[in-house]
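2 protein chains.
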Amino acid sequence: MDVMFMITCGRYIRSILYLLLLISVQFGPHAVEGVWPLPQAFTSSPERYPVNSQDFYFVYGRQSAAQQGCSVLDTAFKRYFSLIFPDHNSGSHSTTRNGHNGSPADRLSWTIYLVPFCVPDNLSISAGKASLNAETVWGAVRGLETFSQLVYQDDFGSYFVNKTEIDDFPRFQFRGILLDTSRHFLPVQAILKTLDAMAYSKFNVFHWHIVDDPSFPYQSSTFPDLSSKGAFHPMTHIYTQSDVRRVISYARLWGIRVLPEFDSPGHTTSWGKGQPGLLTPCYKGGTPSGTFGPVNPALPSTYRFMARLFKEVSSVFPDSYVHLGGDEVDFHCWRSNPDVRVFMQKMGFGGDFTKLEAFYIENIVNITSALNKTSIVWQDVFDYHERVSTPQQIWDLHRIIKAGMRVLLAAQWYINHISYGQDWRNSYTEQKKLVIGGEVCMWGEYVDATNLTPRLWPRASAVAERLWSDEKQTSSVDKAFPRLQDFRCKLLRRGIQAEPLYVGHCKHEYQGI
Amino acid sequence: MDVMFMITCGRYIRSILYLLLLISVQFGPHAVEGVWPLPQAFTSSPERYPVNSQDFYFVYGRQSAAQQGCSVLDTAFKRYFSLIFPDHNSGSHSTTRNGHNGSPADRLSWTIYLVPFCVPDNLSISAGKASLNAETVWGAVRGLETFSQLVYQDDFGSYFVNKTEIDDFPRFQFRGILLDTSRHFLPVQAILKTLDAMAYSKFNVFHWHIVDDPSFPYQSSTFPDLSSKGAFHPMTHIYTQSDVRRVISYARLWGIRVLPEFDSPGHTTSWGKGQPGLLTPCYKGGTPSGTFGPVNPALPSTYRFMARLFKEVSSVFPDSYVHLGGDEVDFHCWRSNPDVRVFMQKMGFGGDFTKLEAFYIENIVNITSALNKTSIVWQDVFDYHERVSTPQQIWDLHRIIKAGMRVLLAAQWYINHISYGQDWRNSYTEQKKLVIGGEVCMWGEYVDATNLTPRLWPRASAVAERLWSDEKQTSSVDKAFPRLQDFRCKLLRRGIQAEPLYVGHCKHEYQGI
Numbered sequence: 001m002d003v004m005f006m007i008t009c010g011r012y013i014r015s016i017l018y019l020l021l022l023i024s025v026q027f028g029p030h031a032v033e034g035v036w037p038l039p040q041a042f043t044s045s046p047e048r049y050p051v052n053s054q055d056f057y058f059v060y061g062r063q064s065a066a067q068q069g070c071s072v073l074d075t076a077f078k079r080y081f082s083l084i085f086p087d088h089n090s091g092s093h094s095t096t097r098n099g100h101n102g103s104p105a106d107r108l109s110w111t112i113y114l115v116p117f118c119v120p121d122n123l124s125i126s127a128g129k130a131s132l133n134a135e136t137v138w139g140a141v142r143g144l145e146t147f148s149q150l151v152y153q154d155d156f157g158s159y160f161v162n163k164t165e166i167d168d169f170p171r172f173q174f175r176g177i178l179l180d181t182s183r184h185f186l187p188v189q190a191i192l193k194t195l196d197a198m199a200y201s202k203f204n205v206f207h208w209h210i211v212d213d214p215s216f217p218y219q220s221s222t223f224p225d226l227s228s229k230g231a232f233h234p235m236t237h238i239y240t241q242s243d244v245r246r247v248i249s250y251a252r253l254w255g256i257r258v259l260p261e262f263d264s265p266g267h268t269t270s271w272g273k274g275q276p277g278l279l280t281p282c283y284k285g286g287t288p289s290g291t292f293g294p295v296n297p298a299l300p301s302t303y304r305f306m307a308r309l310f311k312e313v314s315s316v317f318p319d320s321y322v323h324l325g326g327d328e329v330d331f332h333c334w335r336s337n338p339d340v341r342v343f344m345q346k347m348g349f350g351g352d353f354t355k356l357e358a359f360y361i362e363n364i365v366n367i368t369s370a371l372n373k374t375s376i377v378w379q380d381v382f383d384y385h386e387r388v389s390t391p392q393q394i395w396d397l398h399r400i401i402k403a404g405m406r407v408l409l410a411a412q413w414y415i416n417h418i419s420y421g422q423d424w425r426n427s428y429t430e431q432k433k434l435v436i437g438g439e440v441c442m443w444g445e446y447v448d449a450t451n452l453t454p455r456l457w458p459r460a461s462a463v464a465e466r467l468w469s470d471e472k473q474t475s476s477v478d479k480a481f482p483r484l485q486d487f488r489c490k491l492l493r494r495g496i497q498a499e500p501l502y503v504g505h506c507k508h509e510y511q512g513i
Numbered sequence: 001m002d003v004m005f006m007i008t009c010g011r012y013i014r015s016i017l018y019l020l021l022l023i024s025v026q027f028g029p030h031a032v033e034g035v036w037p038l039p040q041a042f043t044s045s046p047e048r049y050p051v052n053s054q055d056f057y058f059v060y061g062r063q064s065a066a067q068q069g070c071s072v073l074d075t076a077f078k079r080y081f082s083l084i085f086p087d088h089n090s091g092s093h094s095t096t097r098n099g100h101n102g103s104p105a106d107r108l109s110w111t112i113y114l115v116p117f118c119v120p121d122n123l124s125i126s127a128g129k130a131s132l133n134a135e136t137v138w139g140a141v142r143g144l145e146t147f148s149q150l151v152y153q154d155d156f157g158s159y160f161v162n163k164t165e166i167d168d169f170p171r172f173q174f175r176g177i178l179l180d181t182s183r184h185f186l187p188v189q190a191i192l193k194t195l196d197a198m199a200y201s202k203f204n205v206f207h208w209h210i211v212d213d214p215s216f217p218y219q220s221s222t223f224p225d226l227s228s229k230g231a232f233h234p235m236t237h238i239y240t241q242s243d244v245r246r247v248i249s250y251a252r253l254w255g256i257r258v259l260p261e262f263d264s265p266g267h268t269t270s271w272g273k274g275q276p277g278l279l280t281p282c283y284k285g286g287t288p289s290g291t292f293g294p295v296n297p298a299l300p301s302t303y304r305f306m307a308r309l310f311k312e313v314s315s316v317f318p319d320s321y322v323h324l325g326g327d328e329v330d331f332h333c334w335r336s337n338p339d340v341r342v343f344m345q346k347m348g349f350g351g352d353f354t355k356l357e358a359f360y361i362e363n364i365v366n367i368t369s370a371l372n373k374t375s376i377v378w379q380d381v382f383d384y385h386e387r388v389s390t391p392q393q394i395w396d397l398h399r400i401i402k403a404g405m406r407v408l409l410a411a412q413w414y415i416n417h418i419s420y421g422q423d424w425r426n427s428y429t430e431q432k433k434l435v436i437g438g439e440v441c442m443w444g445e446y447v448d449a450t451n452l453t454p455r456l457w458p459r460a461s462a463v464a465e466r467l468w469s470d471e472k473q474t475s476s477v478d479k480a481f482p483r484l485q486d487f488r489c490k491l492l493r494r495g496i497q498a499e500p501l502y503v504g505h506c507k508h509e510y511q512g513i
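Line by line, the protein sequences give chains W and V. At position 121 of the first sequence (counting the first as 1) the number is 121 in UniProt numbering, and the numbers step up by one without a gap. At position 222 of the second sequence (counting the first as 1) the number is 222 in UniProt numbering, and the numbers step up by one without a gap.
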């Protein structure tokens, strides 16, 4: 079984899907624009065709398994129509046309085929025909992104697309971005905007590091005190069930999975406020010091609480994976607590607290397994100070379950870490041993909605190309530079506050101030 | 003569100005809020008075020299009313009241006195009376800022102000921010927004580094080709005369001077596009290489051009100072050019190109002196690579004119240079030998409207406190931290996209995404 549900052969739709779009065709002088991340195989010619928003329709093909009513594609058509024609003042113009008008000689038709066998997704634009073959609706969404980047405006505002042939598929199946909503609260709008930008760079996993030491913004229906006492503010700095559902369904329409992380037994200070008895009381000189450490692994009540919490989490977050954290557990408090030490003896762990941690994690993994979820945990081989000061490869799918455990390795980029100058270049050339993918981690110590977007984009896009494109074709940073500059201007044009790479300008500067 | 026109004794208004504002008074439990930058003398008590927007008016005092019609204060009253009451939905409510209603016992009155002798500006808020004494209208504007920061809301949305006594004046007279609009074009809106935020931190000089090598966005009426050929785009990436006037008059209402910089003879690549013959042709192997160096100092036409350009600049920018640049002149091209070498011989400079540079600068200074402007130039003791990679103290008023030249020293903070973590702490403790002030430099290599605001704020505010407040009272970074956090939340509340200092939250998070 793969981690990815996307691009998996024939998993969603097994029959043929045709998507036709009809636009008028003329010929003119050439201009070629790039696509970011670079497709696996890309050929284009100077031959260009005008694209007129008034005559532009997405049309489901006759033999397509998906037809109008397929919400993922219906909404994708709408979104991409606006993205392709930012100047278009849509009045009564419908972006899709019900019925199959064929493709007269003076029309460019574009088709999405969804085929039930493993061939690369393909996009073809030529004088008489433009078609997109995609195995799955998700592949079709990625193809729409590619197509939208191929359409460009000349100096007079007319839209064009060049004759193009593209075969495409991702290099890695897991292409994630982590947002940390505990160190600073991110309003739902900031998350949705990030999902937009993720789709533009073909990211497909939103790793939601939703709670941590500083705050617990997730409003649990089972344990409402967790947020009412553990959030920065019980009303304004929380994610309600409805907020979470909104994020998940919004992400789904972009082909992005939401991987929730409820990190324990460490990083749980905020949990303790709304759940007395959950955390380990620390001792000093034989008496409780009044401070608390990680979750108390010695109490049966801990596991009863976790079972109920993860039962709720499992139903709220439909993804088959759940991230259990497990990083940076400090043993000092456990060691200070006499009850924990008694438990250690009883369990035969001696003085080895890594065994106690493994016992705890194993229990939580068993809880989530019983809920038919696959667990992911952090590779806890680094300490907090290293984490905030140096970017490094740090996580994998923990080998906690000894038998039958699938190993997932992912490199990550700590993009909250900033330095002066063109630091995207490092991300671009970073060549860690990626197994099934990687993710960009935007930890929240110094990041909130005020600076999230310019810190993330276009630097995360550099990572996106490592994750999507062919390694050999994208080995030159210097060749990537003008393409990334161009892509950054596209992001600006789409309202993403992506910061500049270096001196220069975009035709349409950011006007959001 | 001072550099600053602000806070100079009796310079603007010599008689007494009273400003009264009437608000209803009650007593309640206490809460004290801070002011950033810290006033010179500040005492407040837990005694607090409710402030009700419906009953709140700014009223000019009877004996005030300024009365309704004083545009600086009239507009300041309007702006600060909205800043003090962000929730107030202003319908027909007038923020000022014509006439002098006295101060009944149940009212808090607030007066601005403008006195013709040198005493510190004073703000006093007590049960029966609230008054602001200011020597000048500009001091009154700063006092309004201070007052606006004293008003706070409780958890139920009611406004309060505490009993407070403040004596205040700036530590340094020159408190500037440099924006670079050549490496990236900054839309006028981004500049205006920066002026707003500058006023909130009591900055008073906008150093407009308007042109440089990459682009010439200033649209000159005398030489329109400079921008039509030298800007990134001749229509969309320029500052028209009207744009410049708008910036200057907007800044003036905040008590901010606009110091224009037209940097030469180096940093002029963009000038050459619209002014053929201005730059020095570089030679290679005895023939012109096709590239150009600094402005050609050997040609009389150069000085005729500069005289006409600076005549225009002098009339467009009313400030008595003009910045001539003069930094980072590379002598290679001059040295390669045979005509320049002949000129050197003729002038008796031998092989010393610093003499040629001094000759050039002296000519330009004479041009601007004849226009009744005082010149400022960069201390050209650093090379380009140092500049972008390390923050350092780098500029003073050049000692080019040997006799009678006033020396202006200013430390600066290169705030475009970013590093991970709490780098505001360095700015806060930076203790260069400041003579008349300092400025924050936001060079534009990696900054445009997408990331200008979060990179500038609240880090520049840390510098602002060094420039405004008493050195001894503000020597502790740890004491400053919670105050700066609080001030950053105030900036958010005012719509300034100021980035977080560390983990935490504000009551009103940034919602601008």
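Hints in this document: simulated from the structure, not taken from any laboratory. Predicted model only: the values in this text are computed from it and were never measured. Hints are not guaranteed to be accurate.
Which copy is meant is left open, so a pair is good if it fits within one copy or across any two.
BS3-like mimics (lysine-lysine), calculated; alpha carbons at most 27 Å apart, straight line [claimed, not checked]:
#  : residue 1 : residue 2
1  : Lys163    : Lys373
2  : Lys193    : Lys346
3  : Lys284    : Lys373
4  : Lys507    : Lys163
5  : Lys311    : Lys193
6  : Lys229    : Lys507
7  : Lys284    : Lys273
8  : Lys284    : Lys346
9  : Lys373    : Lys355
10 : Lys311    : Lys78
Which of the numbered hints above does this structure break?
1, 2, 3, 5 and 10
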